[in-house]
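Participant: Listed below are the residues making up each chain.
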Amino acid sequence: MKSRGIVGLLAAAVPALAWPGVACAGSFLEPAGPIAAGQIAHFGVISTLMLIVIVPMFVALPIVLLRYRRGGRGAYRPDWEFNWVLEILIWGVPVVLAFALGTALWKHTLQHDPYRPLGPEPLVVEVVALDWKFLFLYPEQGVATLDLLALPENRPVTLKLTSGTVMQSFIIPSLAGQIYAMAGMQTQLNVLADKTGDLVGRNTQYNGLGFATQSFKTSVMSQEAFEAWVEATKAQTAALDAAGYQALLKPSVVSEPVLYGNFTPGLFDQVIASFSPGMAQGHAHAGMSASTPPHHDHDHMQEAGR
Amino acid sequence: MNWELIFGQITWNSFVFAGAIENPSLSEFIASGAGTVAVLGALASVILLTVKRWWVPLWRDWLTSVDHKKVGIMYIVTALVMFARAVIEGALMRAQQLSAVDNSGFLSADHFGQLFSTHGTIMIFFVAMPFITGLMNYVMPLQIGARDVSFPLLNAISLMLTIAGAILIMVSLVIGQFSTGGWTAYPPFTGIHFSPGEGVDYWIWAVSLGSIGSTLTGLNFAVTIYKKRCPGMTLFRMPLFCWTTLCTSILMIFAMAPLTVATVMLALDRYAGFHFFTNGAGGNMMNYANLFWLFGHPEVYILILPAFGVWSEVVSTFSSKRIYGYTSLVYATMCIAVLSFAVWLHHFFTMGQSADVNAVFGIATMVIGVPTGVKVYDWLLTMVGGRIRFTTSMLFHINFLLTFILGGMTGVLLANPGIDFQVHNTLFLVAHFHNMIIPGVLFGMFAAVQFWFPKAFGFRLHEGLGRASFWCFAPGFLLAFFPLYWLGMMGATRRTYMWTDPAYLPWLALAMAGAVLILTGFGLMVTQIVVSVRRRAELAAPLGDPWDGRALEWSIPSPPPAWNFAVLPDVSSRDPFYEAKKAGTAYRSPEAYEDIEVPRNTATAPLIGLFACAWAFGLVWHIWWLVVVSFVLMWAVVIARSFASDTEETVPAAMVKAANEAFLAAVRATPGVTRDQEMTAANRGRAIPEGWEGGASILTSGAAVGVSR
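Sequence order for the protein chains is A and B. Under my numbering, the first residue of the first sequence carries the number 1, and numbering increases by one thereafter. Under my numbering, the first residue of the second sequence carries the number 1, and numbering increases by one thereafter.
No wet-lab data here; the hints were simulated from the structure. Hints may contain errors.
[To be verified] The following label-pair restraints were derived from C-beta to C-beta distances: (1) B/G523 to A/S252: 41 to 47 Å; (2) B/S45 to A/P277: 51 to 57 Å; (3) B/G523 to A/P156: 53 to 59 Å; (4) A/E231 to B/E4: 55 to 61 Å; (5) B/Q9 to A/E231: 53 to 59 Å.
The beta-carbon is built from N, C-alpha and C at its ideal position, and this holds for glycine as well.
The following block holds chain A by itself, in its conformation from the complex (with noise of 0.2 Å):
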């Protein structure tokens, strides 16, 4: 956590000082990287910092409502509509407060900008929002998971995100906040967890009967773990090919994560080039295999942004 000097500190115990105790492995009350980490401090400096304009309202309303009531002390003056100073201070005031913030927020959103990546070469993941679960492939471990997503700690990650189905929107609360994943498009998250445990992430975007129980477990582990992990997780003999993916196409909620000891490299711009202009419904075909050579169509993909 950055410090922003002795406002920042102060901002950043308040919520924590208000409900002791509350622990949230699903929420950025309890980060586990630096970005979460920033969101919440910002958050209290952003709340400290609208207290300029807030507290001389709680404190002077009740002052004047008792001095100004009907039968109050207060002078009558029916008349009286303006006065230069407090027009400069009711404008002035705010203006400044805008700046402040308006500077803060710059700095913030272009520090933690989601596309920024946290360091060298980081761990990609390719993440596909399915109706009611994501799909996770791994391209440079070649495996692949259902609603289980594997991390090593203190590495920089990159989660490249679509969505095989409508929009939803990924969120590791405890890493970093949530991006949209649009079919035929591709974002972006950079995350880095500094400690390990197991996260709750989630969709956030209201998609069907299965929305409520969208959520997978984001498990951080040592980088020694995450790759016997990765061992362990080839050694499955399940696999994950064209013919698998339409299948997960179907809506369903999976109960258990599932994983796949290998998958078709390529899969992941197979799923956003389905959705490309000329495919038939690309919806129905998503994730086809053969005809097109995966890598042909990523200059002419779309992306969301970038």
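Given chain A, work out where chain B should sit, using these hints.
Facilitator: Relative to the frame of chain A, chain B by itself:
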């Protein structure tokens, strides 16, 4: 026999009761119960109208009327009826979420999905919009000294289109399902592939009818304010409510169009196989998000600005003082109106655009907080130097100042992309917009009802019950929504019908308690209206000025005559009626009376509304003969009307004179009351201005005087 030709896609199973018979469960029984209430409510209305022989008066005096006052009242009645449904839906969802920690509760996931969709859609399009539109309709022409709006028939058509949309959404309780796509109806989820069936179509056509009605309203009101102000009523002499009405009208003109476009494009996707927003074939849902929020963000200002106008009137009247910083408030309102078009992207910071773009829109959002902050402090300063009376409206205003500013704080938090990434789509967001809309818009409208009810009906509302309802509404709101901020930060997502985290339970219980209080408040408000109607003799204030009012609407009888002003007033300052009372020039007989032309009643608007409703219903169910027939009939009415030349009738000068002189005689014969007697039966609507109790001109302009008591 091909039944589909006649009934389209309606089958026996489309009726809500079929679900309860085939799949008996609490969730289905609740759905059937709601359907039954809708049917019984309609039946009861029909029986009441028949028994009381009210059909003819209803048709002759109300439905065919183009009088802006009656149109306004009908808008507000529509809003209150729809509010009753949507607030119960809100409470049901609270109950479901409370009962569904670690189990699935009593509602099915699908039923819950329909509930949050109808709740949001109704509250925005069929409660908030008709409420503000009705209020602007009633009050604005009176405040600018006009006899009606510029296009009275168009006004009635706007109303009937809105009612048609509201009826459509009520029909969805009984026949078929509603959308589960939320009030925003994001594709591709709402596309035909993922949401087959009638649900999304109900949403599309209900919202389209409402949005076309609002576009026409915006045009009508803007023109009215530009063209129909009485002599001397310069823009900068208008009451602030008129300024906010003007800004809202301009926003309506520009902001409703993108919504209509978006819903029509979605309809083309669904009906005609287009690919605007589909996943494949070149469709892109991001275009929908942009179009929707290009409407959606100005929309929140469309709602809040008239409420700001109400707050300005309320605070100045019940402080017996001029508004502080009038010019400042006007510029702040204009700033808000312009800026509201520059921030729509903050509704989807999470869509993957670059950090620079997000930062720009985030800062723009914070900038909009500046004029809003100015307004809040202007209202506070308006009370300084006043003599504040704690009436129901004023209590709502005080509550507004305190809670709205907190909502502003969470709004600024949400304007930060980094924070939005975390709390977007969570209950934090839900808490934020309820925090703006309930104490701001809804309570603003409630305050307006308390304030202007005596103007519209000639008697005051029971003050004790009004305060009682306030003391349920205000704490009820705090309890119902402040826990949601915390739940959202804990990671509780919106639109979620069940939970797995037991830590949510105590906060959900608090929120439920708040929902119960809000329902109680609504019950008390209804009771207040019923009791007041029964005691209307004792509460009567026919002389028009029960609150020591300041603008022109208080200078005329309550309820006002069809022509509003016997002679158009000539205005030489702000707060013209208050200044006239002080100068002793109020209630003077005019030198001469003239004939007044008023528009005749016409069946055009209700017929257009009826056929529009049938047309939309046909579209929802693919009943093509009905679509064609009702469309043709709708335009036939329009064309037939265009041949009608005798659309106005003349009220003879003698009649106007008799009515007005009788009113003035009654005023002169009645002693004025001081503010001490405001809530007593002595208050017949003639006010002695505050500080003028002695009758002598002890006040000179701008002078400070001590309290005499």
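Participant: It remains to establish, for every hint, whether it holds in the given structure.
Facilitator: Here's how the hints hold up against the structure:
{"no.": "1", "hint": "B/G523 to A/S252: 41 to 47 Å", "in the structure": "44 Å, holds"}
{"no.": "2", "hint": "B/S45 to A/P277: 51 to 57 Å", "in the structure": "52 Å, holds"}
{"no.": "3", "hint": "B/G523 to A/P156: 53 to 59 Å", "in the structure": "57 Å, holds"}
{"no.": "4", "hint": "A/E231 to B/E4: 55 to 61 Å", "in the structure": "60 Å, holds"}
{"no.": "5", "hint": "B/Q9 to A/E231: 53 to 59 Å", "in the structure": "55 Å, holds"}
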